[in-house]
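Trainee: Chains as they are written, first to last, in our numbering: chain A, 1 to 136; chain B, 1 to 136; chain D, 1 to 136; chain C, 1 to 136.
Hints are computed from structural coordinates only; laboratory data are not their basis. It cannot be assumed that every hint is accurate.
As the list claims (entries may be wrong) - Here are the simulated DSSO-like pairs of lysine-lysine, each with C-alpha atoms no more than 30 angstroms apart in a straight line:
#1 A:Lys18 to A:Lys131
#2 A:Lys131 to C:Lys131
#3 C:Lys131 to C:Lys18
#4 A:Lys18 to C:Lys131
#5 D:Lys131 to B:Lys18
To be verified - What follows is a set of in silico ranges between Cβ atoms, one per label pair, in the way DEER data are often shown:
#6 D:Gly106 to B:Asp66: 47 to 55 angstroms
#7 D:Glu120 to A:Asp66: 55 to 63 angstroms
#8 D:Gly21 to C:Asp7: 52 to 60 angstroms
Claimed, not checked - Short, incomplete list of chain C residues facing chain D, as computed with Cβ under 10 angstroms:
#9 Lys18
#10 Gly21
#11 Gly24
#12 Arg63
#13 Leu72
#14 Gly74
#15 Gly79
#16 Gly80
#17 Tyr83
#18 Gln84
#19 Glu86
#20 Asn89
#21 Gly90
#22 Val132
#23 Gln134
#24 Ser135
Cβ atoms here follow ideal geometry from the backbone N, Cα and C, with glycine treated the same way.
4 protein chains.
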Amino acid sequence: MSDITTDQAEQVLEAAIKAAGEVGCRMNVAIVDAGGNLKAFRRMDGAWLGSIDISIRKARTSRQFDMESGDLGGLSQPGGPLYQIEVSNGGLITFPGGVPLRNGSGEVIGAIGVSGDTVENDRHVAVAGAKVLQSA
Amino acid sequence: MSDITTDQAEQVLEAAIKAAGEVGCRMNVAIVDAGGNLKAFRRMDGAWLGSIDISIRKARTSRQFDMESGDLGGLSQPGGPLYQIEVSNGGLITFPGGVPLRNGSGEVIGAIGVSGDTVENDRHVAVAGAKVLQSA
Amino acid sequence: MSDITTDQAEQVLEAAIKAAGEVGCRMNVAIVDAGGNLKAFRRMDGAWLGSIDISIRKARTSRQFDMESGDLGGLSQPGGPLYQIEVSNGGLITFPGGVPLRNGSGEVIGAIGVSGDTVENDRHVAVAGAKVLQSA
Amino acid sequence: MSDITTDQAEQVLEAAIKAAGEVGCRMNVAIVDAGGNLKAFRRMDGAWLGSIDISIRKARTSRQFDMESGDLGGLSQPGGPLYQIEVSNGGLITFPGGVPLRNGSGEVIGAIGVSGDTVENDRHVAVAGAKVLQSA
Numbered sequence: 001m002s003d004i005t006t007d008q009a010e011q012v013l014e015a016a017i018k019a020a021g022e023v024g025c026r027m028n029v030a031i032v033d034a035g036g037n038l039k040a041f042r043r044m045d046g047a048w049l050g051s052i053d054i055s056i057r058k059a060r061t062s063r064q065f066d067m068e069s070g071d072l073g074g075l076s077q078p079g080g081p082l083y084q085i086e087v088s089n090g091g092l093i094t095f096p097g098g099v100p101l102r103n104g105s106g107e108v109i110g111a112i113g114v115s116g117d118t119v120e121n122d123r124h125v126a127v128a129g130a131k132v133l134q135s136a
Numbered sequence: 001m002s003d004i005t006t007d008q009a010e011q012v013l014e015a016a017i018k019a020a021g022e023v024g025c026r027m028n029v030a031i032v033d034a035g036g037n038l039k040a041f042r043r044m045d046g047a048w049l050g051s052i053d054i055s056i057r058k059a060r061t062s063r064q065f066d067m068e069s070g071d072l073g074g075l076s077q078p079g080g081p082l083y084q085i086e087v088s089n090g091g092l093i094t095f096p097g098g099v100p101l102r103n104g105s106g107e108v109i110g111a112i113g114v115s116g117d118t119v120e121n122d123r124h125v126a127v128a129g130a131k132v133l134q135s136a
Numbered sequence: 001m002s003d004i005t006t007d008q009a010e011q012v013l014e015a016a017i018k019a020a021g022e023v024g025c026r027m028n029v030a031i032v033d034a035g036g037n038l039k040a041f042r043r044m045d046g047a048w049l050g051s052i053d054i055s056i057r058k059a060r061t062s063r064q065f066d067m068e069s070g071d072l073g074g075l076s077q078p079g080g081p082l083y084q085i086e087v088s089n090g091g092l093i094t095f096p097g098g099v100p101l102r103n104g105s106g107e108v109i110g111a112i113g114v115s116g117d118t119v120e121n122d123r124h125v126a127v128a129g130a131k132v133l134q135s136a
Numbered sequence: 001m002s003d004i005t006t007d008q009a010e011q012v013l014e015a016a017i018k019a020a021g022e023v024g025c026r027m028n029v030a031i032v033d034a035g036g037n038l039k040a041f042r043r044m045d046g047a048w049l050g051s052i053d054i055s056i057r058k059a060r061t062s063r064q065f066d067m068e069s070g071d072l073g074g075l076s077q078p079g080g081p082l083y084q085i086e087v088s089n090g091g092l093i094t095f096p097g098g099v100p101l102r103n104g105s106g107e108v109i110g111a112i113g114v115s116g117d118t119v120e121n122d123r124h125v126a127v128a129g130a131k132v133l134q135s136a
């Protein structure tokens with residue numbers, strides 16, 4: 001198993017914080033490793049307190065299923081195949097903002113979760129963070 | 001960061017209790033500080049026991065996202081952008097009755113949560129409490 | 001079952017806050033009713049954040065066993081008859097500062113829990129609060 | 001109430017990571033704000049996974065009682081005045097490694113928690129992080 005390093009986690013985190021600044025959002029940014037365990041976290045000044053937990057859950061959810069958190073949410077609606085999956089694993093977050101982190105070979109080595117604004121902006125910032133590892 | 005004082009919390013609480021009396025409701029009223037921690041609480045005689053926890057969660061939810069709890073609920077319905085956000089943070093309450101507390105400068109310094117009757121009355125009482133700080 | 005009223009809870013709370021001021025301590029004060037449910041709470045400015053939870057648990061512990069929290073602690077030490085009782089009921093606090101609230105007839109109608117200073121001062125303030133109901 | 005900024009949290013975190021490197025330890029480092037909420041976190045490569053949670057709890061414990069986590073532990077031993085305080089607040093950590101963060105005026109604006117090695121080294125690294133804010 002390849003695993004994200006602290007250096008890589010910091011690169012992802014910095015890129016996400018930079019992207020958050022560009023769109024004028026105050027974000028909570030969490031990085032988990034290949035085991036789904038917290039690796040790095042930063043809360044920008046004034047970011048929502050409730051988004052600490054959500055950013056970490058988005059990252060964990062994304063790594064636990066190796067897909068974007070929002071993709072899982074498409075399957076968990078009433079009538080959907082994964083209805084109420086959110087109660088598992090101590091609480092999943094299935095709306096956008098959690099994105100798998102892949103290395104140059106396409107292997108998932110962790111995930112990023114972003115929370116603090118609209119889900120569109122949350123996802124935008126998470127994707128900006130994730131991209132860093134693929135160009136490296 | 002400005003934070004609510006004990007005196008301010010008591011003023012808010014008294015105003016809410018007064019408003020509850022005027023509409024003939026028995027309420028649980030909780031005040032949290034800027035960090036989301038409980039600052040003051042009162043349960044009126046005969047108020048629902050299950051509303052103790054709900055009033056505290058409404059207040060915390062409101063401070064954690066700096067918006068009314070009911071506004072968050074509008075976004076967390078099936079198909080909505082924040083579907084199932086309630087599983088985060090140890091359990092959010094996203095129906096009306098949680099209102100941010102702002103000082104004269106508009107800064108959020110805490111939140112009030114009210115529970116014990118219809119959500120319309122809960123919100124009415126919470127808003128009545130919150131108003132006190134803006135005229136002070 | 002006799003139960004504490006909101007008015008009585010406020011009297012107890014005010015008496016405790018006054019006693020805290022006299023000994024120069026910043027306290028968290030919690031009152032639970034005959035059912036062990038939170039009835040009133042106040043945190044003095046600058047009081048320890050960790051004492052919010054402890055004051056509530058002291059009050060609940062005291063009512064759950066109709067004795068002072070510290071008396072239970074005397075029985076829960078290693079080798080004692082109630083060793084590790086603290087893990088029950090979602091977490092008991094068994095050091096001093098929780099005191100049953102009795103009405104004029106000696107019936108337990110609730111309990112007070114105080115936390116924020118030494119356990120001696122915590123207990124002193126809790127006892128001062130509890131006395132109000134016995135002279136009334 | 002003064003609160004730690006993201007910039008300050010990063011300075012503390014960097015100083016702690018540097019000190020950890022000097023003593024050859026792999027640490028988890030957590031920073032909480034004045035409200036006890038997570039502000040920044042970093043796990044060094046190879047650091048214990050079980051220390052993620054411990055570092056965060058050490059930081060929170062330290063802010064919740066405005067003292068070093070180890071000082072609380074000195075009071076919570078069998079026979080001590082705060083025996084079993086660890087069951088409160090969802091779980092406290094009362095051995096060394098949690099240190100309050102004070103600004104130049106001596107005000108507590110958050111706390112740092114370090115976990116990953118002996119408690120002596122954990123505390124050494126936490127103190128190294130905390131010092132940064134007092135010289136700034």
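Trainee: Hints first: check each against the structure and report whether it holds.
Mentor: Going down the list of hints, with the structure as the test:
1. A:Lys18 to A:Lys131: OK: A:Lys18 and A:Lys131 at ~13 angstroms, within 30 angstroms.
2. A:Lys131 to C:Lys131: violated, 36 angstroms
3. C:Lys131 to C:Lys18: holds, 13 angstroms
4. A:Lys18 to C:Lys131: holds, 28 angstroms
5. D:Lys131 to B:Lys18: Since the Cα atoms of D:Lys131 and B:Lys18 sit roughly 28 angstroms apart, the hinted pair holds (cutoff 30 angstroms).
6. D:Gly106 to B:Asp66: 47 to 55 angstroms: For D:Gly106 and B:Asp66 the Cβ distance comes to about 48 angstroms; the hint holds.
7. D:Glu120 to A:Asp66: 55 to 63 angstroms: holds, 56 angstroms
8. D:Gly21 to C:Asp7: 52 to 60 angstroms: Cβ of D:Gly21 to Cβ of C:Asp7: about 38 angstroms, so the range 52 to 60 angstroms is violated.
9. Lys18: violated, 29 angstroms
10. Gly21: It is violated, given that the least Cβ distance between C:Gly21 and chain D is near 32 angstroms, above 10 angstroms.
11. Gly24: violated, 33 angstroms
12. Arg63: Since chain D brings a Cβ to about 7 angstroms from C:Arg63, closer than 10 angstroms, the hint holds.
13. Leu72: Holds. Min distance 9 angstroms.
14. Gly74: violated, 14 angstroms
15. Gly79: Result: holds, 6 angstroms to nearest chain D Cβ.
16. Gly80: Holds: closest Cβ of chain D sits about 9 angstroms from C:Gly80, inside 10 angstroms.
17. Tyr83: This interface hint holds because 6 angstroms falls under the 10 angstroms limit.
18. Gln84: Result: holds, 4 angstroms to nearest chain D Cβ.
19. Glu86: holds, 9 angstroms
20. Asn89: Status holds, d = 5 angstroms.
21. Gly90: With a minimum Cβ separation of about 8 angstroms from chain D (threshold 10 angstroms), the hint on C:Gly90 holds.
22. Val132: C:Val132 check fails; min Cβ-Cβ to chain D is 23 angstroms, beyond 10 angstroms.
23. Gln134: Violated. Min distance 21 angstroms.
24. Ser135: Because about 26 angstroms separates C:Ser135 from the closest Cβ in chain D, which is outside the 10 angstroms limit, the hint is violated.
Checked against the numbered hints above, the structure violates hints 2, 8, 9, 10, 11, 14, 22, 23, 24; every other hint is satisfied.
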